[in-house]
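2 protein chains.
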Amino acid sequence: MQNVIDFIKANRGRYENELIEFLKIPSVSAQSARKSDCLRAARFLESQFQSMGFDVSLRPTGGNPVVLARWHHAPGKPTVLIYGHYDVQPEDPIDEWNSPPFDPQIRDGNLYARGATDDKGQSFAHVKAVEALLAETGALPLNVTFLIEGEEEIHSANLPHFIHENKEELAADFGVVSDSSQYGPGVPAITYALRGIVGEEIRVDGPDRDLHSGVFGGAVQNPCNALARIIASFHDGEGRVAIPGFYDDVLDLEAWEREAFAALPSDEEDLKKSLGVPELAGEPGYTPLERRWARPTLDVNGLFGGYQGEGSKTIIPAWAGAKITMRLVPNQDPATIHRLFEEHLRRVTPPSVKVTLKKGGGGNGPVLVPRDARFMKEAVRALELGFGAKPVFVREGGSIPIVLNFSQELGIDVLLIGFGLPDDNLHSPNEKFNLADFNRAIQTSAWLLHLCGE
Amino acid sequence: MQNVIDFIKANRGRYENELIEFLKIPSVSAQSARKSDCLRAARFLESQFQSMGFDVSLRPTGGNPVVLARWHHAPGKPTVLIYGHYDVQPEDPIDEWNSPPFDPQIRDGNLYARGATDDKGQSFAHVKAVEALLAETGALPLNVTFLIEGEEEIHSANLPHFIHENKEELAADFGVVSDSSQYGPGVPAITYALRGIVGEEIRVDGPDRDLHSGVFGGAVQNPCNALARIIASFHDGEGRVAIPGFYDDVLDLEAWEREAFAALPSDEEDLKKSLGVPELAGEPGYTPLERRWARPTLDVNGLFGGYQGEGSKTIIPAWAGAKITMRLVPNQDPATIHRLFEEHLRRVTPPSVKVTLKKGGGGNGPVLVPRDARFMKEAVRALELGFGAKPVFVREGGSIPIVLNFSQELGIDVLLIGFGLPDDNLHSPNEKFNLADFNRAIQTSAWLLHLCGE
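First to last, the sequence lines map onto chains A and B. Per my numbering, the very first residue in the first sequence carries number 1; after that it's consecutive. Per my numbering, the very first residue in the second sequence carries number 1; after that it's consecutive.
Because the hints were derived from the structure by calculation, they are not lab data. Fair warning: there could be bad hints in the mix.
Said to hold, decoys possible - Sample of chain B residues at the chain A side, in silico, Cβ under 8 Å:
#1 L264
#2 D267
#3 G276
#4 A320
What the hints assert, rightly or not - Quick look at which bits of chain B chain A covers, simulated, 3 or more residues with Cβ under 8 Å:
#5 62-70
#6 88-99
#7 119-128
#8 164-178
#9 323-331
#10 393-405
#11 422-431
These figures come from a predicted structure and were not determined experimentally. Backbone N, C-alpha and C define an ideal beta-carbon position, used for all residues, glycine too.
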């Protein structure tokens, strides 16, 4: 293995240049105008796998293709399914980027670009690890299947069907997903729980056109005011979600978890400062870490109505809208939460407006990975070897939609090994990936495959 | 006068073509990119007055110029100050126009264009009336000053200063403003009260960048949610404005007013239908007409924050904002209301966000014109002759910022004579002006000048 690790260190510059090429492709899955860019990103990966001798194909779905790449020449050895995604979040607000989101630039040892960490950089680390193993040893220590999709940022709408239809081909002994992060610099982590998500979009319609707010103001419900009132009704005055039944199925944190979280290095002042907020906020009775990892939320992601241009326009707008996501924790069920949301919405809608609920991007359930899952010990050791520090066990506030699906359809546990950092600005302007961590990630992946193949 | 009226009827086609030319100019004062269009609109009027032999000039202000045109060759006769504005509201939402807002088109006897009624069409009627009087009689029956400004839709920010500086030149015995409307088709009206207005713009800042709603959701205040909560706090659950002190100075409607309003033809079902709303709404204890004419309001004119594009973006937005106007009634004071608004805002802002209040377009007070104002009787008679029906006395929910200023600075009462119709879609897509009313308006103006000069 020393040769493999030396190879990975020696090729650091080339790996970075290849990642830069990958990041230049604006594969934003939420925007239909960039469908061809998504295809380009898939093709980029396809040619990577081709040159390594993988059996690779772009597999059609109802949306962007899945890159499926297999190297199954280790009979008697276990099979790993490595998942990643080549699509990225939209880049706006574009003005707030210090360098263009799709023109990757290196500053202070970090690579800045949309998708740098989420998830091009992290998934590419596994690609480069198998490349190094093949280059130095001529083979892989176990059977490897890569499944890299192009719709994670739009809730993987087509992937569950694809997995269901290709169960045999995807059969594996365990899964690996690197779409989370370290706990902090020098504190690698294995994630054992993920929050789920439900997306909603509300539209409030009032008058059939914008009205003069002087002529009609007072006699007509203003859709912006009505929407604000509806949104306000989603929380109580202290920060709890106020939708009746919302917390009914929430699994309480166990005592050991609260203790373990409390033992983690965590500084509320630092968090405040790093986010630039005057105060933290949230549900009473829980620490900020508990709120982010193990408590459900309701956030407005977008709000719109009426005149947004320069100066003023004295109207009662015809309509207003909001995009909303709720983060779910074990054992909340997306369908149940959607129903409760809808029932609440009907209850609080005044008769003077019409409210339409268009289910946004669908939803997916939360995840809990057992601490004794297969190869968990090897993952711990690989991170220790790759990063030079024992990993901690953490939860994660975000969703990786497909993890639940892997366990349900393929019967495997998934090891969630994150290589990014909490301040990598994923989904924000100035997304980045630390390039030293990128190289450590490649080493970690090589160690993991090696240890699991022993 | 019969010759004058015949002339007005005979020239109907030409008047309409000239108005169409005027309406083609997109003189949107709220948008700085259209400053030159505002100047073009002013120049259009200047050349109209030049060709009639008026002493006319474009007078500079801190913003768009004032068109000041005087014909003062009737010694011993009273002087009328006729006010109008050549600027118009922004045209968006542009998609909802059935024909382009600045390419005027005639359908079913109506002329459709931004500014058709507010206020190019209505003020142009007075211009054409003096033209007809001069053409048929060689002189005007009284001294006439036109003051046509270019910033009414942005709250006439520079006009008060202009009036103050040019008091002598603007001296008059009474004012005439046509920037309101008839009560309904065939029911001409004189307006004796106007609501005032105060504009505000709120910005709520949370984290210093958009955050991943999974990673940070629950521990950070969401600016969109916070803004919604703030906006919801502006009203109680029944539709009253809930800002403490907001109603303290409101002059109650007198018994005769409530009776007179109740006697007007008014149909709530028709109003609902014409506005396309499922139900009317508003302050308990008042009829829809009373709410629109004589009760103060608070309306969100624009609402914005986070991701508004296609699909979803799972963020906690860095900030959110709202444009708000409050309509005031006698005797509310704009400065007091602004202060109460600000105090309320400070009280309801949670410590987890920063709220900035940027005073939008300033404000102006409400107006009450005495029923026995000078030349009120002549105005009643002129409308009767021009429209063939006795006018009713009404209030108006909108603001004409400068009317209060005329009475305070020049010591004159202003006759508010509206030629438009309530469904003319002013400030909305598909603004229109009935062309038969346009001609009746020119006749009415000629009659008014004639009667006041007798």
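Now for the hints, and whether the structure bears them out:
Residue-level restraint check for L264(B) is violated (minimum Cβ-Cβ distance to chain A is 14 Å; threshold 8 Å). A least Cβ separation of about 13 Å between D267(B) and chain A goes past the 8 Å threshold, and the interface hint is therefore violated. Using the Cβ-Cβ criterion of 8 Å, the hint placing G276(B) at the interface with chain A is satisfied: the shortest such distance is roughly 3 Å. With a least beta-carbon distance of about 6 Å to chain A, the hint placing A320(B) at the interface is held under the 8 Å criterion.
Restraint check on the stretch 62-70 of chain B versus chain A: 0 residues with Cβ-Cβ distances below 8 Å, three needed, restraint violated. Requiring three or more residues with a Cβ within less than 8 Å of a Cβ of chain A, the coverage given for the stretch 88-99 of chain B holds, as 5 such residues are present. Counting residues of the stretch 119-128 of chain B whose CB lies closer than 8 Å to any CB of chain A gives 0, which falls below the minimum of 3, so the coverage claim is violated. Note: the stretch 164-178 of chain B has 0 residues with beta-carbon separation from chain A under 8 Å; the three-residue rule is not met and the coverage is violated.
Three residues within the 8 Å Cβ limit are the bar, and the stretch 323-331 of chain B against chain A gives 3, so the coverage statement holds. Residue count for the stretch 393-405 of chain B with a Cβ under 8 Å from a Cβ of chain A: 4. That meets the three needed, and the coverage hint holds. Counting residues of the stretch 422-431 of chain B whose beta carbon lies closer than 8 Å to any beta carbon of chain A gives 7, which reaches the threshold of three, so the coverage claim holds.
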